[in-house]
Amino acid sequence: MSPTSPMSHSSTAPSAGPAPGSSLTAARRRTDLEHAVGGPAVDVLVVGLGATGAGAALDAAARGLSVVAVDAHDLAFGTSRWSSKLIHGGLRYLASAQLDVAHESARERGVLMERTAPHLVRAQPFVLPLTPLVSRPQAALAWAGFRAGDTLRLAARTARATLPAPRRLSAAETRHLAPALRSAGLRGGLLSWDGRVTDDARLVTAVARTAAAHGARILTRVRALELTRSGARVRDELTGEEGEIRARAVINASGVWAGGLVDGVRIRPSRGTHLVLRTARLGALPAGLHIPIPGETNRFVLVLPQGDGRTYVGLTDEPVGDDIPDVPEAPETDIGFLLDVLGSALDIPVHRDDVVGAFAGLRPLLDTGGAAGSGAPGGTADISRRHAVLTSSEGVITVVGGKLTTYRRMAEDAVDTAAAVHGLTSRPSPTASLQLIGAASPQVLGALRAPRRLVHRYGTEAPAVHALAAGNPALGEPVLDGHPVTRAELLWAVRHEGALDPADLLDRRTRIGLVPEDRATALDIARGALEAEAATT
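In the working numbering, the protein residues as written are 1 to 537.
Just to be clear, a hint being listed does not mean it is correct.
[As the list claims (entries may be wrong)] Here are the in silico distance ranges between beta carbons for each label pair:
no., residue 1, residue 2, range
1, T239, R160, 52 to 62 Å
2, L225, Q443, 40 to 50 Å
3, R453, R187, 18 to 28 Å
4, E531, G307, 25 to 35 Å
5, D501, P473, 18 to 28 Å
6, E237, A520, 17 to 27 Å
7, R160, L225, 47 to 57 Å
8, R157, V356, 35 to 45 Å
9, E237, R266, 23 to 33 Å
10, E237, D322, 16 to 26 Å
11, D263, I348, 34 to 44 Å
12, G321, S230, 32 to 42 Å
13, G17, D353, 42 to 52 Å
No lab work stands behind these hints, which were simulated from the structure alone.
Remember, predicted model here, so these are calculated numbers, not experimental data.
Just so it is clear, CB atoms sit at the ideal spot from N, CA and C, and this is done for glycine as well.
Work the whole structure out from these sequences, hints included.
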């Protein structure tokens, strides 16, 4: 099979439906699980279906290797759904002299924006307001950083049309792009650009489905109980049945939980917290905001309009202990901190009761045993975001560290190591140019006959999603007032994206669940979508 054959349609013409072999369904899961447990050994078993694990499954399958990938929960259940939804170009790492990490980030950002996922990742403008709390030396340092970031873009060979140049703004221009800012003492602003993913969980879903199109068996609700050199003992979380999946190589991509499966892997999780506000509370925001944290020289709170009636405000960077929950909670201390920083720059007061939701994610930073950096003792703000690929005495390959932006490179390095350690015969990785499900050129995407919002979420599959409502107008209705997700999108998620229960639909395939009140309102509709589809199969 050619590495690009299942996706060859996407670069030339809109898709009439899902790519062959890409649909993930409950029925396919049952069949694939029956073949995987107790069956012949596969080349690669991947544990974890966040961005890196799904990326490893795609990388291995696209090289022609046989692959099974499992997750105890769902696609993007862990850290990969709790990001800032940004595809960073590495500016922060440049500021801390991590030049290799900065260049890798910029290069991978360009790969996503221009080749593999231009439907999901686009340019996002940001304004850094020059308020009285930002000294002129701080402003000069920030401007130098943005110019250096543009040099990174050039070194990564990302086109200027993809990411415009930074520039200085007058006070009037700054207020135009960010009307919520306090005008008193505003000297102007700095405009910069970075990558933004429509939805981090949707990116993971696209990667997993692309892996499935290349023959990988993608199995959610399958927990790895024990990893060995020759595979894993697993449990089907839906039935409780246990068995063994045999493999020539095992890749542990379970993020902050990696140390629980392989001895000797030490993780120092770092918590990042975001607030969810109704966009109407802040007013129109044509651009995102970088709000400097008072007393810090290189840390900002981000204000991120989502285009769906919500705006995210984040993020913090705090170390957490050894007790790692499945779903981390946003502590009140983080919420208060973010509101305080927001209040330092906005003319519009934002109170605790304006926060309609909050979420926290745990970054799987590798504990190298060194100093925590220039932050507080034991802090994580300055720990390197480099990733590492480790091989245990049993021969299990673990990939840890890194970030969402560099998931593809992390996956490639993990599969390279697995192939070398276990003598797997495979082609070089093709994923730097392999389009994900829904990807196409800007010209093709622009010509699709579907709402732009759907194109930005489904790419070339948007017309097929939109067409679901042609025979049933009720499917074109929003799931709830004030949020654009339609009932057709829930049906598509059940039929093609592996959604097995209401949480999959509301918390990952869509982001309705980030606001508890909205989640409760939409719960019966999500249940109905699952029941209706089950009745027809």
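Here is how each hint holds up against the structure:
1. Roughly 54 Å separates the CB atoms of T239 and R160, a value that falls within the hinted 52 to 62 Å.
2. The hinted window of 40 to 50 Å between L225 and Q443 holds, with their beta carbons roughly 49 Å apart.
3. Under the hint 18 to 28 Å, the C-beta atoms of R453 and R187, about 36 Å apart, miss the expected range.
4. Distance hint check: the CB atoms of E531 and G307 are about 30 Å apart, consistent with the given range 25 to 35 Å.
5. As the Cβ distance of D501 to P473 is approximately 26 Å, the hint placing it in 18 to 28 Å holds.
6. Hint check: E237 to A520, Cβ distance near 25 Å, so the stated range 17 to 27 Å holds.
7. At roughly 51 Å, the beta carbons of R160 and L225 sit within the given window of 47 to 57 Å.
8. With their beta carbons about 41 Å apart, R157 and V356 fall inside the hinted range of 35 to 45 Å.
9. Range check, E237 to R266: Cβ separation about 27 Å, and the 23 to 33 Å hint holds.
10. Evaluation of the 16 to 26 Å hint for E237 and D322 yields a pass: the beta carbon distance comes to about 24 Å.
11. Evaluation of the 34 to 44 Å hint for D263 and I348 yields a failure: the beta carbon distance comes to about 52 Å.
12. Judged by the Cβ atoms, the range 32 to 42 Å given for G321 and S230 holds: they are separated by roughly 34 Å.
13. Taking 42 to 52 Å as the suggested C-beta distance range, the pair G17 and D353 conforms, at roughly 45 Å.
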